[in-house]
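Chemist: All chains, full assembly: derive it from the sequences and hints.
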Amino acid sequence: MRILLSNDDGVHSPGLKALYEGLQGLGELSVVAPDRDHSGASNSLTLNRPLTVEDHPNGFRSVDGTPSDCVHLAVNGLYEQGFDRVVSGINTHANLGDDVIYSGTVAAATEGRHLGLPAIAVSLANEGRFHYETAARVASMLLQHQGPVPLGARCILNVNVPDVAWDELAGFRMTRLGHRGRAEGAVPMTCPRGKARFWIGAAGEGSDAGEGTDFHAVHHRYVSITPVQVDMTRHEALPALREWLEGLN
Numbered sequence: 001m002r003i004l005l006s007n008d009d010g011v012h013s014p015g016l017k018a019l020y021e022g023l024q025g026l027g028e029l030s031v032v033a034p035d036r037d038h039s040g041a042s043n044s045l046t047l048n049r050p051l052t053v054e055d056h057p058n059g060f061r062s063v064d065g066t067p068s069d070c071v072h073l074a075v076n077g078l079y080e081q082g083f084d085r086v087v088s089g090i091n092t093h094a095n096l097g098d099d100v101i102y103s104g105t106v107a108a109a110t111e112g113r114h115l116g117l118p119a120i121a122v123s124l125a126n127e128g129r130f131h132y133e134t135a136a137r138v139a140s141m142l143l144q145h146q147g148p149v150p151l152g153a154r155c156i157l158n159v160n161v162p163d164v165a166w167d168e169l170a171g172f173r174m175t176r177l178g179h180r181g182r183a184e185g186a187v188p189m190t191c192p193r194g195k196a197r198f199w200i201g202a203a204g205e206g207s208d209a210g211e212g213t214d215f216h217a218v219h220h221r222y223v224s225i226t227p228v229q230v231d232m233t234r235h236e237a238l239p240a241l242r243e244w245l246e247g248l249n
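Just so we're aligned: the sequence shown equals residues 1 to 249 in this note's numbering.
Hint data in this document are derived by calculation from the structure and do not stem from the laboratory. Any given hint might turn out to be false.
[To be verified] Result set (EDC-like, lysine to aspartate or glutamate): computed pairs, CA atoms no more than 20 Å apart in a straight line:
#1 Lys195 / Glu205
#2 Lys17 / Glu80
#3 Lys17 / Asp55
#4 Lys17 / Asp37
#5 Lys195 / Asp208
#6 Lys17 / Asp163
#7 Lys17 / Glu184
#8 Lys195 / Asp163
Modeler: Okay, structure coming up:
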């Protein structure tokens, strides 16, 4: 099995290193990751300039672009042989609920899925204990599980792992995405030259975080596994929209 690893925290992230070490023995591993932190990059591709690829002493490769750039280049140009899987992570913080809209970690996985490869995004619900080895073991188990994942062609698995030791996990749960409340306000500041600057405010807490959601599972120390589809069409709205449009024809 040839496995492509990527992330959005950058090529030097401890989560990426832990993932690489945790998947040893499962196949041939290749790492292509951003040269710096690209958290929140979502599915953006760099189209206004060429991209630079750098080889590192540990065998990892970095790209001066986004997570999607990394996976796209790896699959479509950097390697002669193809890949069997894409694993993105281990993200340094959770990607729960609405986070998946912005997440570069999830974007790297969906880019792999766009290119026809089964893909998993793995995140640690970091609480300051940094149990990356737990998340790496979860990723390894998922890759070794017998049989193909029963997902459609446009789906990935979004995996969130509680920040606890392996023997403290409560188990695995299939979940749906919850929803966050409104984010906190932007944080103003002034640069040394007197110009106004702003930090994006912190994400809101879970407002739809009841049983069955990814928020609830992680809070109760379960590994949350959510099938996420790339197709954003709201299919159940199509009949009503069709009826509404009839008046325009």
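Chemist: Each of the hints needs a verdict: does it hold here or not?
Modeler: Evaluation of the provided hints:
Taking the CA atoms of lysine 195 and glutamate 205, the gap is near 31 Å; set against the 20 Å cutoff, the hint is violated. Using a Cα cut-off of 20 Å, the hinted pair lysine 17 and glutamate 80 is violated, with the two alpha carbons roughly 24 Å apart. Restraint check for lysine 17 and aspartate 55: satisfied, since their Cα atoms lie roughly 15 Å apart, inside the 20 Å limit. For the given pair, lysine 17 sits about 15 Å from aspartate 37 by alpha-carbon distance, which is consistent with the 20 Å threshold.
Taken as a hint, the lysine 195 and aspartate 208 pair is broken in the structure, with Cα atoms around 38 Å apart against an allowance of 20 Å. Between the alpha carbons of lysine 17 and aspartate 163 the distance comes to roughly 17 Å, so the proposed pair stays at or under 20 Å and holds. A distance of roughly 32 Å separates the Cα atoms of lysine 17 and glutamate 184; the hinted pair therefore is violated under the 20 Å criterion. With a C-alpha separation of about 39 Å, the suggested pairing of lysine 195 with aspartate 163 is violated against the 20 Å cut-off.
Going through the hint list in order, the structure does not satisfy hints 1, 2, 5, 7 and 8.
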